[in-house]
Amino acid sequence: MNRKILILIIALFPGCLFAQGFLEGGKVTGNFQLDAQYYNKDSLIGAPDVPEKMLLNGFANILYTQGNFSAGVRYESYQNPMLGFDKRYKGSGFAYRFASYTNDQFEITVGNFYEQFGSGLILRSYEERNLGLDNAFDGIRVRYNPFQGVTVKGLIGEQRYFWEKGPGIVRGADAEFQLNDLIGAMEDSKTRISLGASMVSKYQATEDIIFGYIDTVGYKYVLPENVAAFAGRIGLNRGNFGLNVEYAHKSKDPNADNSFVYRDGQALLLTATYSQKGLGIYLSAKRIDNMAFKSKRTEKGNMLNINYLPALTKQHTYSLAAIYPYATQPNGEMALQGEIVYTIPKGKLLGGKYGTEVKLNFSRANSIDKTNLNDTTGYESSFFKPGDELYFQDINVEIAKKFSKKLKATCTYINLIYNQSVIEGHPNEPDVKANIAIADVTWKFTDKKALRTEIQHLWTKEDDKNWVMGLLEYSIAPAWFFSVSDMYNYGNDVKDKQIHYMNIAAGYSRGTNRIQLSYGKQREGIICVGGVCRQVPASNGFSLSITSSF
Amino acid sequence: MKKIMFTLTILLLSGFVTFTQTPEKKLSKLPSVKVKTLDGKTINTAELSNDGKPFIISFWALWCKPCVKELTAIAEVYEEWQKETGVKIYAVSIDDARSSSRVKPTVDGNNWTYDVLLDANSEFKRAMNVNQIPHMFIVNGKGEIVWQHTSFADGGELEVIEEVRKVLASSKN
Numbered sequence: 001m002n003r004k005i006l007i008l009i010i011a012l013f014p015g016c017l018f019a020q021g022f023l024e025g026g027k028v029t030g031n032f033q034l035d036a037q038y039y040n041k042d043s044l045i046g047a048p049d050v051p052e053k054m055l056l057n058g059f060a061n062i063l064y065t066q067g068n069f070s071a072g073v074r075y076e077s078y079q080n081p082m083l084g085f086d087k088r089y090k091g092s093g094f095a096y097r098f099a100s101y102t103n104d105q106f107e108i109t110v111g112n113f114y115e116q117f118g119s120g121l122i123l124r125s126y127e128e129r130n131l132g133l134d135n136a137f138d139g140i141r142v143r144y145n146p147f148q149g150v151t152v153k154g155l156i157g158e159q160r161y162f163w164e165k166g167p168g169i170v171r172g173a174d175a176e177f178q179l180n181d182l183i184g185a186m187e188d189s190k191t192r193i194s195l196g197a198s199m200v201s202k203y204q205a206t207e208d209i210i211f212g213y214i215d216t217v218g219y220k221y222v223l224p225e226n227v228a229a230f231a232g233r234i235g236l237n238r239g240n241f242g243l244n245v246e247y248a249h250k251s252k253d254p255n256a257d258n259s260f261v262y263r264d265g266q267a268l269l270l271t272a273t274y275s276q277k278g279l280g281i282y283l284s285a286k287r288i289d290n291m292a293f294k295s296k297r298t299e300k301g302n303m304l305n306i307n308y309l310p311a312l313t314k315q316h317t318y319s320l321a322a323i324y325p326y327a328t329q330p331n332g333e334m335a336l337q338g339e340i341v342y343t344i345p346k347g348k349l350l351g352g353k354y355g356t357e358v359k360l361n362f363s364r365a366n367s368i369d370k371t372n373l374n375d376t377t378g379y380e381s382s383f384f385k386p387g388d389e390l391y392f393q394d395i396n397v398e399i400a401k402k403f404s405k406k407l408k409a410t411c412t413y414i415n416l417i418y419n420q421s422v423i424e425g426h427p428n429e430p431d432v433k434a435n436i437a438i439a440d441v442t443w444k445f446t447d448k449k450a451l452r453t454e455i456q457h458l459w460t461k462e463d464d465k466n467w468v469m470g471l472l473e474y475s476i477a478p479a480w481f482f483s484v485s486d487m488y489n490y491g492n493d494v495k496d497k498q499i500h501y502m503n504i505a506a507g508y509s510r511g512t513n514r515i516q517l518s519y520g521k522q523r524e525g526i527i528c529v530g531g532v533c534r535q536v537p538a539s540n541g542f543s544l545s546i547t548s549s550f
Numbered sequence: 001m002k003k004i005m006f007t008l009t010i011l012l013l014s015g016f017v018t019f020t021q022t023p024e025k026k027l028s029k030l031p032s033v034k035v036k037t038l039d040g041k042t043i044n045t046a047e048l049s050n051d052g053k054p055f056i057i058s059f060w061a062l063w064c065k066p067c068v069k070e071l072t073a074i075a076e077v078y079e080e081w082q083k084e085t086g087v088k089i090y091a092v093s094i095d096d097a098r099s100s101s102r103v104k105p106t107v108d109g110n111n112w113t114y115d116v117l118l119d120a121n122s123e124f125k126r127a128m129n130v131n132q133i134p135h136m137f138i139v140n141g142k143g144e145i146v147w148q149h150t151s152f153a154d155g156g157e158l159e160v161i162e163e164v165r166k167v168l169a170s171s172k173n
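Sequence lines, in order, name chains A and B.
If you read the first sequence in the numbering used here, its first letter stands for residue 1, the second for the next number, and so on.
If you read the second sequence in the numbering used here, its first letter stands for residue 1, the second for the next number, and so on.
It cannot be assumed that every hint is accurate.
Unchecked claim - When the alpha-carbon atoms are kept at most 25 angstroms apart in a straight line, the in silico SDA-like pairs for lysine to any residue are as follows:
hint : chain 1 : residue 1 : chain 2 : residue 2
1    : A       : Lys348    : A       : Asp264
2    : B       : Lys125    : A       : Ser404
3    : B       : Lys65     : A       : Asp138
Claimed, not checked - Incomplete in silico selection of chain B near chain A, CB under 7 angstroms:
hint : residue
4    : Ser28
5    : Thr37
6    : Gly40
7    : Asn44
8    : Ala97
9    : Thr106
10   : Gly155
11   : Leu158
These are computed hints drawn from the structure, not numbers from a lab.
We put the beta carbon where it would ideally sit given N, CA and C, even for glycine.
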């Protein structure tokens, strides 16, 4: 800790010494966000009694840039953390600080930083403040462009763990080659090819973890202190076609996520696209086997992830469609996704005066084939054979149409199967088979005043049964919005649980300032952003959100 | 330790603030971050330009409904805007590995003609101090950020083009 601060001071000091000349032309920018909620106890929906009554999360980033130099800090405050955020965030302080210098070839960063190699299969650090996720590195990173078309990155760091750091040290290197920039003959080629390779190694000192007793003698795991991971990728583009393939391999890494098996991990991600004006086709497939990779071997959940395993499912944002979201199963999964985006041209049948947009999307995730072995390697798995268990399936259609200058509508239909026992970890619950229909209609009264209505319905015989939802939102561009909504679980078998989740909200934006106030009930559920999900408990009360940047 | 960090930061920042006060209001330029184009080229955001004419940078993502709404609304008038003002739009997608490869088929399928950039780990977003999307910037012909706005409501695009016109008018004065 001390040494890092020293480095930072050394890095910043020249700036202070030569402040007059150096700071001329410098610029301070930043942003700020505050979320607060006042909680009422509501035993019917399961909203707990909050002794503090009000909880608040807030942060501010301050960024200083001057030519090739930049430095920044983020101050975070959780007093106390809002429901749904880990209690270990309690407190305030500078959770992030960095200094960075860039020139034509080099970029050197000391302090905290975020990084991603390829699609992140073996390394990605990022933040999702609204989910309370942050696995920033604290260390040193160098990026180097020796010549056009080559980017090399190297880093070393420990990862953020609430207000502390995880016990592991992560070291990584990545190289990317853009062949068209490198090879003269390919310069004007219509085919663009890029190649990339990366390597990550994690060190964590061994520890005593007892897996069983024989005659009162405890037997401990022999734990690898260094775990290595490699990945290679290729990207190919030619005219309307695109293809991306990335393969990753990880050495034996017994950890809490994989129940301490001594088995290599593998991941393969394939994406192909074809698109032209008015038509886009996307197809992707992946296989993940034993790829949980954290800088603390006993950690479970969302913290200290070194890598990122994207879910191959569409992220739904309408409230009833978001009740059953999917998240990648890092221990093993085979998944497929396909999508067609088509615009029926103006004037054609069904195209109307403005054209009609149609999106068709399909995704499915299965277990991988596993034959259990009675030894420390856990199981055997055939690479190309999917397992029998369905984790998730989603077939959805979205049609968006503008009927006139005043009226437009988007209709969505979703059919999904959701394996509760695997995704939520509630064994013996039946799969949820749900149908969801949504109509989203906007009527513009004037150029800047509009009323938007949403009507949603979810049908299922499982879980909480049927739901209906309605929303009215009135907006005056560019500043104001007012909305009232109700989500009603009318199909619930338990009469007391046929609850109305009413909510009213108003917001005002001006420039980069935005303030939103809402009052109502929030159902217990999962919020997902960018494929990562967080469980939020039920709540009832006022909430306030302010954001600004400068 | 935290105290030391705090004092240090305050000192540094107060130093910056005192020394950066200049009589003229100074406008920010674009930070230098690497992003990718839809065909896989890497480009530096500090070099974004529009031949001396103003341009727009709009942060969006496939999963962000108001963002898609905003870009859809502008797509209808984009040709007119370009004819009138010569403005160009860089639509910066912050979709991560989960959905970034769906961006190109969606953009083409929707008939959008924006210059789309991929910021898959939100580095450009962070450097531009964007908290929530949609978040839009107008950059003048000299590469200075002159206007920004967060959120979108139907009709919000009218304010955007109004601002572009103002930028053009002030550059002529």
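Here's how the hints hold up against the structure:
1. Lys348(A) - Asp264(A): Violated, at about 55 angstroms.
2. Lys125(B) - Ser404(A): Since the Cα atoms of Lys125(B) and Ser404(A) sit roughly 35 angstroms apart, the hinted pair is violated (cutoff 25 angstroms).
3. Lys65(B) - Asp138(A): violated, 34 angstroms
4. Ser28: holds, 5 angstroms
5. Thr37: This hint is violated: Thr37(B) lies away from chain A, its Cβ roughly 10 angstroms from the closest one there, beyond 7 angstroms.
6. Gly40: At 5 angstroms from the nearest chain A Cβ, Gly40(B) passes the 7 angstroms test, so the hint holds.
7. Asn44: Constraint on Asn44(B) not satisfied, violated at 10 angstroms.
8. Ala97: holds, 4 angstroms
9. Thr106: Holds: closest Cβ of chain A sits about 5 angstroms from Thr106(B), inside 7 angstroms.
10. Gly155: It holds, given that the least Cβ distance between Gly155(B) and chain A is near 4 angstroms, below 7 angstroms.
11. Leu158: holds, 6 angstroms
The structure shown violates the earlier hints numbered 1, 2, 3, 5, 7.
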